[in-house]
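Please work from the sequences and hints to get the whole structure.
Going by numbering that gives the first Met the number 0, the residue at position 157 of the sequence shown is 156; the numbering climbs one at a time, nothing skipped.
Hints listed in this document are in silico derivations from the structure and should not be mistaken for laboratory results.
C-beta atoms are modelled at their ideal positions from N, C-alpha and C, and glycine is treated no differently.
One should not assume that every hint holds.
Quick list of in silico lysine to aspartate or glutamate cross-link-like pairs, EDC-like style, CA-CA up to 16 Å [to be verified]:
hint, residue 1, residue 2
1, K1, E73
2, K156, E101
3, K156, D100
4, K159, E73
5, K156, E105
6, K1, E162
7, K159, E107
8, K156, E73
Derived Cβ-Cβ restraints for the label pairs, each shown as a range [unchecked claim]:
hint, residue 1, residue 2, range
9, R44, I86, 24 to 34 Å
10, I86, L25, 19 to 29 Å
11, G22, I160, 16 to 26 Å
12, G131, R44, 24 to 34 Å
13, P104, T52, 20 to 30 Å
14, S109, L138, 18 to 28 Å
15, L70, E107, 39 to 49 Å
16, V66, M126, 23 to 33 Å
17, V23, L141, 32 to 42 Å
18, E101, I20, 22 to 32 Å
19, R111, I134, 37 to 47 Å
20, E101, R2, 38 to 48 Å
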Amino acid sequence: MKRILLLLGLGALFTAFFINIGGVDLLPDWLGSLFFALGVTGLGRRGGESLSTPAMIAWVLFVTEMVSVLLRPEGMFAVGIGVLFVILEVWLYLLVAGILDERFPEAELSIRPISILGVVSAVGYVMTMAFGSGILGVLCLLTGVAMKVWFMVQLAKLSKIVED
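Following this line, the structure appears as structure tokens:
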């Protein structure tokens, strides 16, 4: 189980932060999406259920990320992919946080901040795409990062009580 939590945490870390040194992205989003998809798939197998919806969303996010990396879309297509990605990503984080909270009630995970920050981030991103960037874009980015950081904190909390 700790391996699954590690994959989920690495997925959140890689997609939350952009570290670029010398033109090289040290934490590529596509790799984070892959880690997260593997973690969600492992979580489903571990629980004896398929978790088909979260796993499907995770793999769609990975494919979407790969399409944007390989094709470098422009214009409205790029905006559409971005909006789709943010909405699916927030939905996925909420689903996975809820599943972990349900499976491990003794951990007393705090998932409400994930819900609030995720919804604010998604709505902010859509509004930024509709009305232009500026301070709204910065706030949207910060709430998205805060959502993933809070998710990682909850994973760390859970990793202390689960056995492998």
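- Could you tell me whether the CB distance from I86 to L25 stays inside 19 to 29 Å? holds, 27 Å
- Message: Run the distance test for K159 versus E73: straight-line Cα separation, threshold 16 Å.
- Response: violated, 44 Å
- Does the alpha-carbon distance linking K159 and E107 stay inside the 16 Å limit? Status holds; Cα separation ~12 Å.
- Message: Would the hint linking K156 and D100 be met if the CA-CA limit is 16 Å?
- Response: With a Cα-Cα distance of about 11 Å, the restraint between K156 and D100 holds, given a limit of 16 Å.
- Cβ-Cβ distance between R44 and I86: within 24 to 34 Å? holds, 26 Å
- Query: That 32 to 42 Å hint for V23 and L141 (C-beta), does it hold up?
  - Reply: The hint (32 to 42 Å, Cβ to Cβ) is violated, given that V23 and L141 are roughly 24 Å apart.
- Query: Do the beta carbons of E101 and R2 sit within 38 to 48 Å of each other?
  - Reply: violated, 20 Å
- Starting from the hint 39 to 49 Å, judge whether the C-beta atoms of L70 and E107 obey it. Distance hint for L70, E107 holds at roughly 43 Å.
- Within 20 to 30 Å or not, the Cβ separation of P104 and T52? holds, 21 Å
- Message: Verify the CB-CB distance for G22 and I160 against the hinted window 16 to 26 Å.
- Response: With Cβ atoms ~42 Å apart, the hint is violated.
- Task: For the pair supplied as a hint, K156 and E101, confirm whether the alpha-carbon distance does not exceed 16 Å.
- Result: The hint holds at about 15 Å.
- Outcome of range test on Cβ distance (S109, L138; 18 to 28 Å): About 22 Å separates the Cβ atoms of S109 and L138, which means 18 to 28 Å holds.
Hint check: violations occur at hints 1, 4, 8, 11, 12, 17, 18, 19 and 20; the rest are consistent with the structure.
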